[in-house]
Amino acid sequence: MKINRRRFLNSTVAVAAVTLAAPALIGRAQAAGNIKMVSILDQSGGLDIYGKPMVDATKMAVDELNASGGLLGKMIDLTIYDPQSTIQSYTQYATKAAASDKADVVHAGITSASREAIRPTLNRFKTLYFYNTLYEGGVCDRNTFATGSTPAQTVEKLVPYTMKKWGKKVYVVAADYNYGQITAEWFKKYVRENGGETVAVEFFPLDVTNFGPTIQKIQAAKPDMVMSALVGGAHISFYKQYAAAGVNKNIPIASTTFGVGNEHISISAEEGDGMVCAYSYFQEVDTPLNKAFVKRFQDRMGDNAPYLNELAVRSYEAAFLWAEGVKMAGTTDRMKVIEALESPASIVGPSGKLTIEPKTHHALQNVYLAELKDQKFTIVESYTEQPPTDTLLVCDLQKNPTMSKFYFENGLAAAGIK
Amino acid sequence: MDLFIALILQIVYGVANLVLISIGLAIIFGMMRVINLAHGEFIMLGGYTVVIATNNGVNLWFAMLILAPLVVGIIGVVVERLLIRFLYGRMVDTLLATWGLSLLLIGLVTTIFGAQTKTTISAPIGAIQIGDYTTSGYELFLIFVTALLSFAIYLLLRFTKLGLVARGTMQAPDMAAALGVSTSRVYAITFGLGAAVSGLVGGLLAPITGVLPTIGAVYIAKAFITVVSGGTAILAGTISASALLGVINGVVSYVTGPTMGEVALLVAAIILLRLLPQGITGRFFRKSL
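Chains as they are written, first to last, in my numbering: chain A, 50 to 467; chain B, 319 to 607.
For the record, the hints were derived by calculation from the structure and aren't laboratory data.
Some hints here could point you the wrong way.
Derived DSSO-like pairs (lysine-lysine); straight-line CA-CA distance at most 27 Å [claimed, not checked]: (1) B:479 - A:108; (2) A:425 - B:605; (3) A:298 - B:605; (4) B:436 - A:422; (5) B:436 - A:344; (6) A:213 - A:467.
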């Protein structure tokens, strides 16, 4: 065969094309044997202040798991979808994760609405589901593990502490959707049980930015403190206007939502000082394990490292908790992993010891109370391995393994809780 | 009595707040018939200018009153030259284009500064005591600024050559052009002015509201409702609609809570537009600015 320039070029291009394509083909062949984890979290739109740190932490967990040899001798493939703070994208991606990606596990959801949108889908496709956000409690579903803190873990500790510190008259302000409504009911319940009085409860649509009339009402009611379950960017305005009116000096604020979107860096020191918040994790948790974790995260993220809050750290820990379940089961088979997790699986993470509570598929976890000072939290109280007693009131998956229900959907009274 | 005074102040502030968030939109919509869906993002950019400037050691007052309108005004002129000027008279197209612009601006700010930016600004004026109640001194200042800003816009439109030319261009662009007015320059200046006012407002609101890339969305709906309810007259329309809707919102919020307050505002706007499809200034104050 005579080799002219044209033929030479043709064949070289063909060889080059095959060489270029080869890694992709091999990569695919390998990927087929890998363990598949899908994460669906909002990285754009209004919820990105919550979602972005969660995604960063999830990536870090998977990288660390893979660096230490993966799971069952296989690597973990992480696929991340961005539903852009819209619910219909959640259902689309959940279907894609289960039906097309054939995910071994899906870690997903920030708002309760997004969780309730995808939980039935993942149940139908028999795909294991982890929900790693703090929420109002009440999910009872054998396929779902809800690892975030619930009101019985945070509100139950925050209310007596702040009532002892400030007094017994409480004014509740909360976001007007299911999380805020239900959390406000928990506030009222625990205030009453601790011998206090809830003088008023007010709900705010998520796009309200002018809180003037309410701030005057709070002054008229003369409570000893304000408990806040306000959520999102617009509601940051409440804390700023409250301070601008000078009320924060007389009537302090306690919250189980402030800080989890890193709100404390969006308001100034004089506006935020003295607030007390409750979460299962603060970046300031003083253990060698946590300090090493924070340093690894900051080294990895560089100048862009966000403040680490419960949402991010629980996303990180939940990946390890699921990995622990897979290791114990020795397989990624969904039912075997669920049984292993129920046995129960337990890890020690940056927040402390985290154990699956088998009746509810929630987690026993540490709870911390912290006071804000100069845009930084100082931990003032800590409680170890707190059970999710709220969900335990209504849920027993050991007795009813086929249960798949969100009990607090219509409030606490509907779930039979006084 | 103390409570009553404090409450009246809050309601007046509620009205001023509506005027502030709508006035930039009113200028652009009223003068140019351009539906600017990126209006909320202009306010957000004003807020970001203040946050970024103060983080770099710039004086808060300078950042709010000079930098914010300047930066956003320049952005407005650039946007008008690159995007809006191709779309005059095509209302639906401008709607789509400015919606895209709003997404672009949110994306840009998020990409450059992240989903959240640390800030240390708080209201630069302390609280004011009214008997047993305290109220925000900064909100009083904003009421004053609203009055001043409205008056300045009135003077500009009523007594300057620019105002005359701009009003002429708005009413009969062909005739204005025939008389030697460069209408495209007038449009660019008007759009830039509207953007600058929105930037000023964003800057002024930054100390008492959250500043996030996505925050524009919470302003846009209310701004539109106010401007549409107000009708064609820029100042009289915005102020009368703000007064009506702001008082309804404030009183109902106080009596029944903020959720019903928002509902009342929307219901009032719907009824108003049913009775006066051209807005308040379609029937009353017709000759005003």
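Tested hints:
no.	hint	result
1	B:479 - A:108	violated, 60 Å
2	A:425 - B:605	violated, 56 Å
3	A:298 - B:605	violated, 49 Å
4	B:436 - A:422	holds, 15 Å
5	B:436 - A:344	holds, 20 Å
6	A:213 - A:467	holds, 23 Å
Against the hints set out earlier in the document, violations occur for numbers 1, 2, 3.
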